[in-house]
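Engineer: Chains A and H, in that order, give the protein sequences. No gaps in the numbering here: position 93 of the first sequence is 92 in numbering that gives the first Met the number 0, and each next residue is one more. No gaps in the numbering here: position 229 of the second sequence is 228 in numbering that gives the first Met the number 0, and each next residue is one more.
Some clues are possibly wrong.
The list makes no distinction among identical chains, and a pair is therefore deemed to hold if it is satisfied within one copy or across any two copies.
Claimed, not checked - With a Cα cut of at most 25 Å, we get these calculated DSS-like pairs of lysine-lysine:
no., residue 1, residue 2
1, Lys-274, Lys-190
2, Lys-198, Lys-76
3, Lys-19, Lys-141
4, Lys-274, Lys-137
5, Lys-190, Lys-258
6, Lys-187, Lys-274
7, Lys-191, Lys-285
8, Lys-19, Lys-286
9, Lys-204, Lys-187
10, Lys-258, Lys-204
11, Lys-19, Lys-187
12, Lys-40, Lys-285
13, Lys-22, Lys-198
14, Lys-127, Lys-19
15, Lys-40, Lys-204
16, Lys-137, Lys-40
17, Lys-19, Lys-248
Derived by calculation from the structure, the hints in this document are not laboratory data.
Given next are the chains, with one letter for each unit.
There are 2 protein chains.
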Amino acid sequence: MSLIVLGTMAYDAIETPFGKTEKIVGGSATYVAYAASNFIKPVQQISIVGNDFDPTIIDDLNRRGVMTDGVERVPDKPSFFWSGRYHMDMNTRDTLVTDLNVLADFNPQVPDSYQGAEFLMLGNLMPKLQQQVIEQLKTRPKLIVLDTMNFWMEIAMDDLKQVLTMVDVLLVNDSEARQLSGEYSLVKAAKKVMEMGPKFLIIKKGEHGALLFHGNHVFFAPALPLEDVFDPTGAGDTFAGGFMGHLAKTGDISFNNMKTAIIVGSAMASFCVEKFGPERLQEITKKEIDERIQQFVNLVQFDIDLV
Amino acid sequence: MSLIVLGTMAYDAIETPFGKTEKIVGGSATYVAYAASNFIKPVQQISIVGNDFDPTIIDDLNRRGVMTDGVERVPDKPSFFWSGRYHMDMNTRDTLVTDLNVLADFNPQVPDSYQGAEFLMLGNLMPKLQQQVIEQLKTRPKLIVLDTMNFWMEIAMDDLKQVLTMVDVLLVNDSEARQLSGEYSLVKAAKKVMEMGPKFLIIKKGEHGALLFHGNHVFFAPALPLEDVFDPTGAGDTFAGGFMGHLAKTGDISFNNMKTAIIVGSAMASFCVEKFGPERLQEITKKEIDERIQQFVNLVQFDIDLV
Numbered sequence: 000m001s002l003i004v005l006g007t008m009a010y011d012a013i014e015t016p017f018g019k020t021e022k023i024v025g026g027s028a029t030y031v032a033y034a035a036s037n038f039i040k041p042v043q044q045i046s047i048v049g050n051d052f053d054p055t056i057i058d059d060l061n062r063r064g065v066m067t068d069g070v071e072r073v074p075d076k077p078s079f080f081w082s083g084r085y086h087m088d089m090n091t092r093d094t095l096v097t098d099l100n101v102l103a104d105f106n107p108q109v110p111d112s113y114q115g116a117e118f119l120m121l122g123n124l125m126p127k128l129q130q131q132v133i134e135q136l137k138t139r140p141k142l143i144v145l146d147t148m149n150f151w152m153e154i155a156m157d158d159l160k161q162v163l164t165m166v167d168v169l170l171v172n173d174s175e176a177r178q179l180s181g182e183y184s185l186v187k188a189a190k191k192v193m194e195m196g197p198k199f200l201i202i203k204k205g206e207h208g209a210l211l212f213h214g215n216h217v218f219f220a221p222a223l224p225l226e227d228v229f230d231p232t233g234a235g236d237t238f239a240g241g242f243m244g245h246l247a248k249t250g251d252i253s254f255n256n257m258k259t260a261i262i263v264g265s266a267m268a269s270f271c272v273e274k275f276g277p278e279r280l281q282e283i284t285k286k287e288i289d290e291r292i293q294q295f296v297n298l299v300q301f302d303i304d305l306v
Numbered sequence: 000m001s002l003i004v005l006g007t008m009a010y011d012a013i014e015t016p017f018g019k020t021e022k023i024v025g026g027s028a029t030y031v032a033y034a035a036s037n038f039i040k041p042v043q044q045i046s047i048v049g050n051d052f053d054p055t056i057i058d059d060l061n062r063r064g065v066m067t068d069g070v071e072r073v074p075d076k077p078s079f080f081w082s083g084r085y086h087m088d089m090n091t092r093d094t095l096v097t098d099l100n101v102l103a104d105f106n107p108q109v110p111d112s113y114q115g116a117e118f119l120m121l122g123n124l125m126p127k128l129q130q131q132v133i134e135q136l137k138t139r140p141k142l143i144v145l146d147t148m149n150f151w152m153e154i155a156m157d158d159l160k161q162v163l164t165m166v167d168v169l170l171v172n173d174s175e176a177r178q179l180s181g182e183y184s185l186v187k188a189a190k191k192v193m194e195m196g197p198k199f200l201i202i203k204k205g206e207h208g209a210l211l212f213h214g215n216h217v218f219f220a221p222a223l224p225l226e227d228v229f230d231p232t233g234a235g236d237t238f239a240g241g242f243m244g245h246l247a248k249t250g251d252i253s254f255n256n257m258k259t260a261i262i263v264g265s266a267m268a269s270f271c272v273e274k275f276g277p278e279r280l281q282e283i284t285k286k287e288i289d290e291r292i293q294q295f296v297n298l299v300q301f302d303i304d305l306v
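Kindly generate the complete structure, drawing on both the sequences and the hints.
Structural biologist: Dropping the structure here:
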């Protein structure tokens with residue numbers, strides 16, 4: 000099984016109540032690849048970087064089984080750059096700087112070597128570019144997952160609705176689910192969103208966990224209560240990477256296996272927030288991942304005898 | 000096993016985005032009793048009501064196995080009255096009216112017939128009154144659970160800290176846990192609170208579920224995703240009633256059984272919010288409770304094979 004990942008590879012500068020960074024590597028596809036490559040090889044990256052992008056990151060990803068044939072390198076422009084500041088609750092943030100740079104000209108191309116992939120992860124990007132990648136695939140993947148955000152709902156809702164008809168799973172946060180559906184209740188919002196195309200909806204709620212909806216079924220995954228959330232940047236993409244990695248590894252796209260995949264994604268995301276940027280993801284071991292998943296099992300398991 | 004419940008029996012007038020009520024029966028001890036009496040008899044109520052309190056409510060509670068020997072009836076004053084308005088998110092509310100009425104003179108007395116109870120639920124009230132009830136008991140109950148709120152942290156923190164040294168379990172919401180401990184991280188907050196006396200801490204997070212802390216252990220219980228949350232009044236007390244009811248029924252106060260008790264409490268709370276006031280609690284059947292608890296099992300269960 001192989002997994003194609005579309006998304007940004009970029010630089011971020013982050014301020015949190017616990018500290019701040021200079022420019023560090025980031026981008027949705029970077030986080031997805033670091034997380035997913037623990038479970039599945041190859042991860043086939045489609046992205047664009049500028050002349051400032053550290054080649055040792057590409058080398059590191061390649062060593063982890065991430066193919067970068069689909070990563071365009073632009074010689075005369077810098078990489079996409081985002082800077083933001085988180086507040087104490089870590090669920091809200093202010094964007095300080097958004098420099099599109101190379102992203103302004105991004106025209107994603109699927110390399111021939113990627114054709115035939117069974118899994119496609121469309122990271123948060125302009126909906127037209129997400130659609131363009133789907134349309135370049137000669138065989139429709141077994142599972143297409145799309146991540147998006149409020150920004151595209153505000154400036155490209157029609158394009159977003161178009162690409163939603165082409166995907167299987169949508170990943171958004173709670174306020175985005177409300178915005179997309181016009182419903183406050185997440186249960187009602189989920190029903191409306193699933194009428195727009197995706198048969199599965201995952202609503203990410205940060206420290207409050209995540210919900211998976213499918214037909215009349217719902218699954219609730221907790222977030223691990225942590226002493227410190229150091230930097231939430233990339234946590235959603237890391238979640239997506241763990242989720243896709245588990246599905247691609249097992250090849251099983253049933254609702255039941257998606258529940259497990261969400262726990263794997265939540266476990267990966269819980270590592271991501273422990274340090275700035277993808278640093279923690281670069282150092283974790285298989286043993287740590289197993290232990291963390293076991294913590295999630297312990298966190299929610301209970302015995303019940305009906306009264 | 001028997002359960003003593005201290006708290007208010009009162010009237011509320013409620014506005015939500017879905018409607019509003021005239022004066023309807025409410026009060027922490029009312030909700031606890033309606034919930035707990037599904038699991039354990041007798042529930043031994045300690046409260047105070049005025050000349051306006053509907054005697055058919057007392058009759059209804061008596062029929063359910065709730066003793067009201069400890070409920071004082073004041074002939075020349077009305078019952079405690081609270082009026083509030085909920086916002087769309089149902090987690091925040093404005094208090095419109097608080098008329099203490101009989102509550103201003105409340106001097107709770109434990110009837111002889113209640114002595115020897117194994118379980119004590121101290122509903123949200125002035126901390127000195129909660130302490131007074133503990134001190135009147137000739138035998139210390141097997142488990143003492145205390146509910147409180149931010150109001151007492153602001154005007155009676157020393158009294159609250161005193162009574163905290165005397166109880167086993169504290170029930171608060173997330174912002175109250177932060178206020179009591181001075182810590183933003185709920186994991187750090189829990190550690191500090193458990194140094195103040197209670198060996199167990201339950202943090203209620205409304206639609207985001209609840210956390211149970213004990214030593215280095217933590218358990219996460221989901222809330223049931225609902226199409227409509229009609230009226231959250233009493234949901235926390237109903238949760239407490241289901242929690243205590245299950246513990247008193249089983250007589251088992253281990254961490255493991257508390258996890259199950261929290262699921263039972265969450266299931267009961269999910270009924271409470273479906274209609275205004277305690278109306279839904281007055282009509283539910285044992286079969287509905289069993290089905291609801293099964294929904295919680297389905298909501299969180301997953302299969303995992305470590306990678």
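Engineer: Run through the hints listed earlier and report the numbers of any the structure violates, in increasing order.
Structural biologist: Structure breaks hints 2, 3, 4, 7, 8, 13, 14, 15, 17.
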